[in-house]
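2 protein chains.
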Amino acid sequence: MEQFFYPKSVAVFGVSDRPSNFGRIIVENLLRFSFPGQVHPIGPGGGSIGGRDIVPSLEAAGGCPDLAILLIPAAQIPDTLEECGRKGIHHVIIESGGFSEFAEERENLEESVRRIARAWEIKVLGPNCFGVTNLEQGLVLPFFIVEPRYMKSGASALISQSGGLVYDTLMLSSCENLGLSKVISIGNKLMLNENDFLEYLVSDAATSTIGLYLENFSDGRRTMELASSTHKPVVVLKANRSPEGEKIARFHTTALAGDDHVVDSAVQQAGMIRVANLSEMMDSFKIFSLPPLTGPRLALISRSGGHGVVSGDAAHREGFELASFSREFYERIQESKRGVIRATNPLDIGDVYDLRLYADILEWALQEQDVDGVVFISTFSSESDGQHMQELIRRAAALKHLYQKPAVLCMISNREQWFQIKLAADFPVFDDVDTAMNALAKSFHHSRNLPKRTFAGSLSRGAWRRTAPTRLADSSRLMTTKETFRLLSHYGLPVADYGIVRSIGEALREANRIGYPVAFKMADDLHKTEKGGVRLDLKDAAALQEAFTGMQGESFVVQKMSPAGQEVILGVKRDAEFGPVLLFGLGGTLVELMRDIVIRVLPIDEYEAERMVDECKGAPLLRGFRGAPPADRENLVRCMIALSRLACDHPDINTIDVNPLIVLGKGKGCLAVDAKIETLL
Amino acid sequence: MEQFFYPKSVAVFGVSDRPSNFGRIIVENLLRFSFPGQVHPIGPGGGSIGGRDIVPSLEAAGGCPDLAILLIPAAQIPDTLEECGRKGIHHVIIESGGFSEFAEERENLEESVRRIARAWEIKVLGPNCFGVTNLEQGLVLPFFIVEPRYMKSGASALISQSGGLVYDTLMLSSCENLGLSKVISIGNKLMLNENDFLEYLVSDAATSTIGLYLENFSDGRRTMELASSTHKPVVVLKANRSPEGEKIARFHTTALAGDDHVVDSAVQQAGMIRVANLSEMMDSFKIFSLPPLTGPRLALISRSGGHGVVSGDAAHREGFELASFSREFYERIQESKRGVIRATNPLDIGDVYDLRLYADILEWALQEQDVDGVVFISTFSSESDGQHMQELIRRAAALKHLYQKPAVLCMISNREQWFQIKLAADFPVFDDVDTAMNALAKSFHHSRNLPKRTFAGSLSRGAWRRTAPTRLADSSRLMTTKETFRLLSHYGLPVADYGIVRSIGEALREANRIGYPVAFKMADDLHKTEKGGVRLDLKDAAALQEAFTGMQGESFVVQKMSPAGQEVILGVKRDAEFGPVLLFGLGGTLVELMRDIVIRVLPIDEYEAERMVDECKGAPLLRGFRGAPPADRENLVRCMIALSRLACDHPDINTIDVNPLIVLGKGKGCLAVDAKIETLL
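These protein sequence lines are chains A and B, in that order. Under numbering that gives the first Met the number 0, the first residue of the first sequence carries the number 0, and numbering increases by one thereafter. Under numbering that gives the first Met the number 0, the first residue of the second sequence carries the number 0, and numbering increases by one thereafter.
If you are wondering where the hints come from, they were derived from the structure by calculation, not from laboratory data. Any given hint could turn out to be false.
Since the list can't tell identical chains apart, any single copy or any two copies may satisfy a pair.
Straight-line Cα separation of at most 30 Å, DSSO-like style, residue types lysine-lysine; simulated pairs [claimed, not checked]:
hint, residue 1, residue 2
1, 616, 675
2, 667, 530
3, 665, 530
4, 151, 421
5, 336, 675
6, 616, 530
7, 336, 188
8, 151, 667
Predicted, not measured: the structure shown is a model, and the values here were computed from it.
Please model the complete structure; the sequences and the hints are all you need to start from.
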């Protein structure tokens, strides 16, 4: 992949000397950024750009470029790709769009590209993208104008499925004076996808923070593996939060887990950080350019009481603590200012009129043993104040490596000084303390979660990736009750004692064997509850007989009534992007009204299963709520792991629905009472 | 109040000609902003500022100024205020801080100020504030440097309890090119508070949107009355979200309602808009400077597919719909651009290369009948694109009044063009589509809630405003069970039939009268549950006898067991800032684990009570959940109104706790089973 980022020579196809020509813009970007390698503009019309002749073909360009960029009509791409292959080029970026406008021809075109690329061992990025930007090398391949004076080389990288968001990122990083390492626009992901570049960035020494903008995960399990394998923060902006997921029929427990909920869970499970929008992505880049926050104790320093209150609120919201300053700290400020300062945190330094002291106060705060990080808020309007603020920022930048604690500066000024402040040093400045505190929480969360738990999505690849059926009847079938109970039992998930019966005689015999009270239910019927096909707590033969008489159907379940316990539900579904996931919730109203559901991508181990239980808001119900005895959490965890194993062993299973599982008292285990399994045909 | 904002002459006390003198900065601000009235700098040291002599006293200044600003040591304030009074000045702003540093003397000082002010009928704003800014008049009284070139007169006003936030607001409005009408820094609120200025701004023709930054409400009920009396949006940033509220002992249902939860509810009830931070306040000012969004159907227009996805997500999150464009709309674009455009919403106009068309497309979208508002997203980098974008903004500004629909522009550019865009017209530009969509939701919410329901806090003033006791034993007492049940019954809240008994003989007699099964409970004991003092469902005399034997105490309750129904809780507490509030929740786990609680400031009517029930996430349980019969919602609403009346009639009541109230089936009413009332001593 190296040659996508560090090519020694580049050929750009589709260049003309018309000012509006997109290929020309790429060539000009490379010249503006003093790209040190060779640039070959190729186009049929001749002419020249910046002293470089536009030649009609690769042949005419001479030599063998490391990288080719194609910005030509879609229909010409196969031939050109073939030309690249013959010439020995192994890295090609197709920036052209138009693949999708060709409707019926599109698939042929895509197939051609794939075939030619495989034949010549060409790695293809795109189509429909802005290619690659590597500021370290002056390699700037988007076909819009980028100005070197706005851009800065740095350590944050972005992989983006949308060109528009690449545009935004370059502009916003310009406004924030934020250094970027590599920006990759992956477009339609015809061949290379986010994981190929994520893998590269994980081992790229120039990159310390990785951003991902995705509209879909090409292989979510692989993304999880990669993200969990690195200490670098991976920040995910996942758009396209399809509301369609919510429309799925309600009879499945699994319908409770919308696709976006799965994304949330997967991102968290792999130690990634999810953001809601690009501003939050930028703030993440800013905070991760500082030393990590490794403890919760903050020093809040500002020039007014109101800022103290506002920052205190924000700190409290994010779960931080207010650090205790030492007496020496206050005394040092007092001495220097020759006046009274109130010994509090948040600290109000509004009465310190000598602004040169600010940088000292910042450093003293960083030196405090009980302080894990400093948030410094300052609003100012005058030119002279601005000078001091710039000095403060430069000092903060200088102290960055000395104390290995984050100093978060929040500054507001008028529009004349707005960017002067941002440009004062290679050091981030935040505008809003709320935003800054939220970013700081991400830093703390990330450093606390290190070392990351590695996610190993060790399923037989591809098996789970078949498209999930939208309706049951289409391409899946329901296992019989008998099969279902057997499979669950086989994996160690205890099922309340039962028998499958077809006559009243069999029913009575089974009930005698099991012992009353029993439940009597229609077997193999998805809608048995609605049909009145469930009768509970039948205390004797007469009651069973009466229940049998009122029920239609061919086969039935006679089942031991479970002792009272806490109802939970366990479900498995195959997510289109992440494969099999497990969902857990406490039965009844909590799940149905509150959607109190926890999800994990499978497989899970004991640690993850325990965390799932604990993350449930209803978890106290299992611990012995309102004087009830505590439930058998250990056994519940074993059941969850069993179900995880079952699901991972059977790629043909689409959904599993254990509802309810009764968790009995401590040491007494669990009992599955009802369950459905749906397999793919 | 008029003279605080439109004085013909102003006296500033505490001025010297030292450059760092704060009084001098005020005088200079007035000169810079060409304040049209007279300015009298007063200070003992002589000298002059901008050709105006600094005179030693009011006497020496001559005439009688409409407004005096005091920025002098706190200890000198009483004398100077006296001087103002004698001279006939009725409006004084005390900007000096230092009141709070004087510790023990402070109360004397404050009392002096109050006494003198009352004696001379002086309205006093402050102390410890930045006074008043009225850009329409060039009246700029903060003692920090404000530059006219950054400020713009407009229709948004702010009342702020923090000077720091006034500073921020002036700077941020400069960056957003946002017009301000009046900014009032209320400081310590010694005499005038937010309500005095809110009342003024409600009827101020120059102000159309009102922002409030508060750390506490001086009289929350009055704020609610004022806010609900106007169609102007009142945007509230309430800081100081004291977590202390959460620490209150848990035996009270009312402890479930934190102070901040009460604020949330009160703000919503009075039709105000709560924001989380100042950025959101600015975004609110921006959106309310546009025509209101009166319907949910949006047109989303952008230059890339990714922006379409991101804006679609944001629209979905805020509950908006995507408008259907007419065929003519698409055809018009197609004709003009001479190419194919995909007929979708979000609309991708990335292939429209003639940027002059953008403004037309915006106008056509506004003309569409099915479109209630337009969100237009554009990122750009080049100078020439910037020109077109400015043109687009000016066109949007021109169309503002023509179509009476909001056109929300989201634009991102590099730092050179960032402020050029903002300054292109008197029209707001948003950066982030997420933020913009959230602001738009506020506009929609506000216009949908008009006409507002008027809140009339018609309690006997002051009665509820006594400080609530922190612990029961301190200054309150628990009513006896008998008194409690009687009072509830008197107000029409049905209590399950009961008797208070002291002996087993009485108990058995009462049980016979009531009819078994009965409950048997300790009376007048707050901790009866923990002490084992509650026995339920006693089926006969023997069971009652056994229960009696096992219980200690002097008096007991024998009570009819209520039929099964839905348990709810009703609570009343006196909030320190809003007086009596009612809280409602569905009993059991929903309330205790999920904090599913709805609150209203009392009194409430049927409409509000119904909304309370419906806002509860657990509300479906009352409608007949999972086949259960629907509950008597009408009667529940009557009980809530009864409790509201009870609480408003008795200002000495501190808390009421009806837990549980059993809501029986439709037409069968409700039954209170247990209740506590705590009164102030």
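Verification of the supplied hints:
1. 616 x 675: The answer is both: 25 Å in one copy and 29 Å across copies each meet 30 Å.
2. 667 x 530: Result: close only across copies, 29 Å inter versus 33 Å intra.
3. 665 x 530: Classified as between; 25 Å across copies, 35 Å inside a copy.
4. 151 x 421: For residue 151 and residue 421, the Cα distance is within 30 Å both inside one copy (13 Å) and across copies (24 Å).
5. 336 x 675: neither (73 Å within a copy, 56 Å between copies)
6. 616 x 530: Between copies, since 28 Å is at most 30 Å while 33 Å is not.
7. 336 x 188: between (61 Å within a copy, 29 Å between copies)
8. 151 x 667: neither (63 Å within a copy, 73 Å between copies)
Of the numbered hints stated above, those contradicted by the structure are hints 5, 8, listed in ascending order.
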